[in-house]
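Colleague: Heads up: the sequence shown begins at 365 in my numbering, then just goes up one per residue.
Any given hint might turn out to be false.
Stated by the list, open to error - The calculated lysine to aspartate or glutamate pairs, modelled on EDC-like cross-linking and capped at a C-alpha distance of 20 angstroms, are:
| no. | residue 1 | residue 2 |
| --- | --- | --- |
| 1 | LYS457 | GLU511 |
| 2 | LYS412 | ASP430 |
| 3 | LYS429 | GLU501 |
Hints are computed from structural coordinates only; laboratory data are not their basis.
Computed from a predicted model, the values in this text were never measured in an experiment.
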Amino acid sequence: MSNGPHAKLAELGLQLPEVVPPVASYVPAVQSGRHVYVSGQLPMAEGKLLATGKVGAGVSADQAKDLAQRCALNALAAIDSLVGLENVVKVVKLTGFVASAPGFTGQPAVINGASDLFGAVFGEAGRHARSAVGVAELPLDAPVEVEVIVEVS
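Model the full structure from these sequences, guided by the hints.
Modeller: Put into structure tokens, the structure is as follows:
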């Protein structure tokens, strides 16, 4: 299993965090048939939001890209706890939300932080359909939020 997703994470110097507890009335991930739907993940670590504010005003695009990667890592933790990362066949769809300052239009580059992680962990199976959306506000004043759908075996 040296080429599996856990090994790829280790090669990247990353490890799966604990699953982030929901901040409202939902579960982190749910399986329906051969798909796992992961609830929107914020850039949380050890129970704390890593940054707050708008991208393009207080949060740089580069910082936001790193935060999007953390959202994706949290999504991987939710998937792993439900079905195991080794059972992921394909990352199907990623939706990224970026709390954007007026005039900020770099949402795709920010969400690349999540997309690039999925590609690094799953290779070709990590390539996915995607939306990168600028929004006025996100929960807890988070700069980014990522949700994902994966196909599992």
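Colleague: Could you run down the list of hints and mark each one as holding or not?
Modeller: Against the structure, the hints come out as follows:
1. LYS457 to GLU511: OK: LYS457 and GLU511 at ~8 angstroms, within 20 angstroms.
2. LYS412 to ASP430: 15 angstroms, holds
3. LYS429 to GLU501: Distance of about 17 angstroms is within 20 angstroms: holds.
Violated hints: none; the structure is consistent with every hint.
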